[in-house]
Structure formats: structure tokens, C-alpha cells
Amino acid sequence: MPTATFPGRFDSLAAISKFIIDSAKSAGLDDMATYDVELAVDEACCNIIEHAYGGEDKGEIECECEVTDEGLTVTLRDWGEAFDPKEIDEIDYSKPMEEIGPRGAGLMMIRKAMDDVEFVFGEDGNVLKISKKK
Amino acid sequence: MEITTTSHKRCTVVKMDGRIDSNTSPDLKKSLDKIMEDGTYKIVFDMSGVDFISSSGVWVLMETQKACKRWNRGQLVIATPNERISRSLDLAGVHHFFSIYDDITEAVGSF
Chain A
336 MPTATFPGRF DSLAAISKFI IDSAKSAGLD DMATYDVELA VDEACCNIIE
386 HAYGGEDKGE IECECEVTDE GLTVTLRDWG EAFDPKEIDE IDYSKPMEEI
436 GPRGAGLMMI RKAMDDVEFV FGEDGNVLKI SKKK
Chain B
47 MEITTTSHKR CTVVKMDGRI DSNTSPDLKK SLDKIMEDGT YKIVFDMSGV
97 DFISSSGVWV LMETQKACKR WNRGQLVIAT PNERISRSLD LAGVHHFFSI
147 YDDITEAVGS F
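The listed protein sequences correspond, in order, to chains A and B.
Read in our numbering, the first sequence has 390 at position 55, and its numbers run on one by one without any break.
Read in our numbering, the second sequence has 89 at position 43, and its numbers run on one by one without any break.
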């Protein structure tokens with residue numbers, strides 16, 4: 336199972352994407368499904384850096400890719416602050432553009448791009464497990 | 047990653063290549079802010095060379111659009127996004143805030 340650890344910095348994002356794309360291709364995902372995973376992982380890693388760690392260079396991000404019969408499962412682990420996903424409101428697009436802000440956009444995109452999204456907050460870090468079917 | 051800016055008679059075209067993520071979106075924001083500081087609010091963003099955009103990039107475009115549309119002084123239009131960029135805009139739920147053109151000449155001609 337390919338696993339890699341990256342520094343929690345925004346300049347790690349391109350390398351993380353490359354790692355994900357290689358695994359998605361091994362799992363047999365098509366180009367758009369691969370892009371969905373690449374995007375979801377990027378959003379999740381940004382949330383880890385910005386919110387769990389509260390900035391760059393505060394901790395690491397462990398990334399594990401599991402090729403399954405159905406597709407690809409990516410597990411991201413960090414050791415920053417936990418959060419309650421239920422407390423993140425969905426963006427209300429019925430509001431005028433001036434009143435809409437970016438808070439929650441990343442989480443919303445992860446949920447829409449992936450088939451399964453599971454958060455586990457425990458003693459051994461914060462874990463996000465996301466799966467995409469072929 | 048490279049950002050180029052070309053002034054036309056009625057609008058300015060901004061072109062960026064590569065990835066727009068949290069590492070590179072601040073550079074895009076600087077370029078777009080500079081154009082607006084110089085008094086231009088009719089902007090075409092040529093995305094033909096962009097192969098990835100995350101929510102941080104999408105929100106740079108949203109904040110620029112808010113500023114451009116203020117007092118009806120202009121707008122940011124998107125030109126030649128590929129399938130991946132359209133997917134990001136769709137997942138972010140912001141497609142409907144932008145006029146999107148498949149042809150750069152048509153986008154420039156819209157102003």
C-alpha cells in the first residue's frame with residue numbers, strides 16, 4: 336500500500352497531487368475520477384495546514400493510498416487540532432454573491448467529488464478516509 | 047507557473063499556466079489586484095493553460111468578480127476552461143457567477 340509523508344506546507348501540494356495521480360492510475364480510475372480525487376485530497380490537505388495545524392510548517396501530513404476492487408481509498412492523517420465537520424455550514428448559493436464567502440467550500444467540494452467520506456478523530460491523530468469508485 | 051497580462055482596447059486578458067492551488071493562488075490574486083488598482087475592471091481570464099484549480103483559486107476569481115461587478119463597472123469573464131477546470135467550478139458551485147467562453151476572441155469581444 337503506497338504511503339508517503341509530506342511537510343505541512345502549501346508547496347507540498349504539487350508533490351501530493353503527483354502521488355495521488357499515480358495511485359489513481361494504478362487503481363484504474365479514468366481521467367475525471369482521478370481529477371476528483373486529486374482535487375479532494377488538495378482541499379483536505381489545505382484544510383489540515385490552515386485549520387488543523389493553524390499554518391505552514393507546524394506538522395506533517397501522512398497520505399496512504401489503497402487500491403481496492405472498487406477503486407481507490409485515500410487515508411490522510413494529521414496530528415493537529417480536531418474539528419467537528421457538522422459545525423461547518425454549507426454555502427448558501429441563493430444569497431447574493433457579495434454575501435458568499437469561502438468558508439466550508441473545501442469540505443463541500445470533497446463531499447461532492449468523492450463517493451465516501453469518513454472522519455475519525457482519535458489519539459493517533461485526525462484521520463480522513465475518502466474513496467472513489469471506478 | 048507563469049502569469050501574463052495583455053491590455054486590449056476594451057479589456058485586459060490575464061493568462062496563467064499550470065496549477066492554481068493554495069501555493070500559487072496568491073500570485074494570481076496579486077496580478078488581478080494590480081489590474082484593478084490600475085482602474086481596469088473588464089478582465090478576461092484565459093484558462094487554456096491551467097490544468098488544476100482548487101477552491102483557493104476559485105475564491106480569488108470570486109473576490110475579483112465581486113470587485114469588478116461593483117457599481118456595474120465591469121466583470122471577470124472566463125475563457126477556454128478545459129473539462130477539469132469546469133469540474134472544479136461546478137463542484138465549487140460558482141459556475142453561474144461567471145460568463146464562460148470557449149473561444150478567447152469571443153471573450154474579448156464580449157466587452
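Because the hints were derived from the structure by calculation, they are not lab data.
Bear in mind that the values here come from a model prediction, so they are computed numbers and not experimental data.
Be careful, since some hints might not be right.
Unchecked claim - One side only, chain A facing chain B, incomplete, derived with CB under 7 Å: (1) F341; (2) F345; (3) D346; (4) I351; (5) Y370; (6) I423; (7) D427; (8) E433; (9) A440.
Here a beta-carbon is modelled for each residue, glycine too, at the ideal position from N, C-alpha and C.
Results of checking the hints against the structure:
{"no.": "1", "hint": "F341", "result": "12 Å, violated"}
{"no.": "2", "hint": "F345", "result": "4 Å, holds"}
{"no.": "3", "hint": "D346", "result": "5 Å, holds"}
{"no.": "4", "hint": "I351", "result": "10 Å, violated"}
{"no.": "5", "hint": "Y370", "result": "5 Å, holds"}
{"no.": "6", "hint": "I423", "result": "13 Å, violated"}
{"no.": "7", "hint": "D427", "result": "10 Å, violated"}
{"no.": "8", "hint": "E433", "result": "6 Å, holds"}
{"no.": "9", "hint": "A440", "result": "4 Å, holds"}
Hints 1, 4, 6, 7 from the list above are not met by this structure, while the remaining hints are.
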